[in-house]
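J.: Read top to bottom, the protein sequences are chains A and B.
As numbered in this note's numbering, residues 1 to 46 make up the first sequence, in order.
As numbered in this note's numbering, residues 47 to 297 make up the second sequence, in order.
In case anyone wonders, no lab produced these hints; they're calculated from the structure.
Be aware that a few hints might be false.
Said to hold, decoys possible - Label-pair distances were calculated between CB atoms; the ranges are: (1) B/P250 to A/L23: 34 to 42 angstroms; (2) B/E251 to A/A5: 16 to 24 angstroms; (3) B/T209 to A/A5: 37 to 45 angstroms; (4) B/W169 to A/M1: 15 to 23 angstroms; (5) B/W98 to A/A35: 29 to 37 angstroms; (6) B/L215 to A/T39: 38 to 46 angstroms.
To be verified - These stretches of chain B come out as covered by chain A in the derived footprint (C-beta under 8 angstroms, 3 or more residues): (7) 64-78; (8) 131-140; (9) 179-187; (10) 190-204; (11) 278-291.
The C-beta atom is built at its ideal place from N, Cα and C for all residues, glycine as well.
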Amino acid sequence: MTELAVAYLAFIGLIGAYVYRLLSRLADVDSRLAAAENTLSFDENE
Amino acid sequence: MKTSIDDEGQSRRTMTSVRATGAALTALGLTGAATTLLLGLLWAPAVDPEAWNAPEAYRILFWHVPFAWSSFLAFCVLFVGSVAWYSRRSEFGWRLICTGSDLGLLFGLGVVISGPIWGSAEWGVPWDWGDLRLNTYGLLTAVALFLVLARNSQPEGHDTRDTIASVGLFGFALVPITALATTWYQERHPGIIIVESEEAGLAPEILTVLMLGFASFFVLFAGFALLSDTLHQMESRLSHLQRLIDKEAVH
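With the rest of the complex left out, here is chain A (with noise of 0.2 angstroms):
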């Protein structure tokens, strides 16, 4: 049962770490690329 827990806590946390990873860094290119994208229309306007 050890082994069991050890190995599928591995897996969780590997899963978790990179669903947490790839969710975060959406999240900021998002907020950048709106911003970039603000930043731009708002030199066009000009």
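With chain A's structure known, arrange chain B on it following the hints.
T.: Same frame as chain A, now just chain B:
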């Protein structure tokens, strides 16, 4: 400039839609994987204690085997990306390389961590340096690790991409060797249990849970691949827009 920004707005809407599909597939895949785990722990029967040294530890395989198959899929994506990059210098090919190496590392690490845990219980040793499959698979995961580290540490450019794509092609060559190693040269790692189920004596419930695991991890893989591709596409667009802003600031 206006047309270019409009095109980019259209492209962004497409990315948003792909991202939503990726998120939905990821949620579905995670639900399936969790169901596989619960069924594997609670519903699948115990195996014959006479035939297995660690009859309870076999339940590790309900995620270990789909992880391994998903990693092979990731290396196929890496291979297609490497070929696309070499043949056409395709940006899509490069994004496939990024996605394939990320997912190859994720699923490869899962296999390399869980395999020795099961091996310790079943064989009494975590690793066998004489077993072809274990060692080629370990090398395959090391290739994925190298690719991810190289992408994050080397300066962006065609030279770096060429090097990474060539290592990706080499990595893919290990996939058929690893996949067929138990048929060609079996030392310790078990054979193909799905195909040889009669000989392996697996109960139908165990096969059902394994098949659910394969389907769930396939969906999860597709979700991860779509989200990862969207991320790399967004990063590429961000770099492009930042260059435009820099250019406007200069003029």
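J.: Indicate, hint by hint, whether the structure satisfies it.
T.: Hints and how they fare:
1. B/P250 to A/L23: 34 to 42 angstroms: 38 angstroms, holds
2. B/E251 to A/A5: 16 to 24 angstroms: 22 angstroms, holds
3. B/T209 to A/A5: 37 to 45 angstroms: Holds, at about 41 angstroms.
4. B/W169 to A/M1: 15 to 23 angstroms: 18 angstroms, holds
5. B/W98 to A/A35: 29 to 37 angstroms: At 57 angstroms between Cβs, range violated.
6. B/L215 to A/T39: 38 to 46 angstroms: 40 angstroms, holds
7. 64-78: Holds, because 3 residues of the segment 64-78 of chain B bring their Cβ atoms closer than 8 angstroms to Cβ atoms of chain A.
8. 131-140: With 0 residues closer than 8 angstroms to chain A, the segment 131-140 of chain B misses the three-residue bar; violated.
9. 179-187: violated (count 0)
10. 190-204: violated (count 0)
11. 278-291: Result for this restraint: holds, n = 8.
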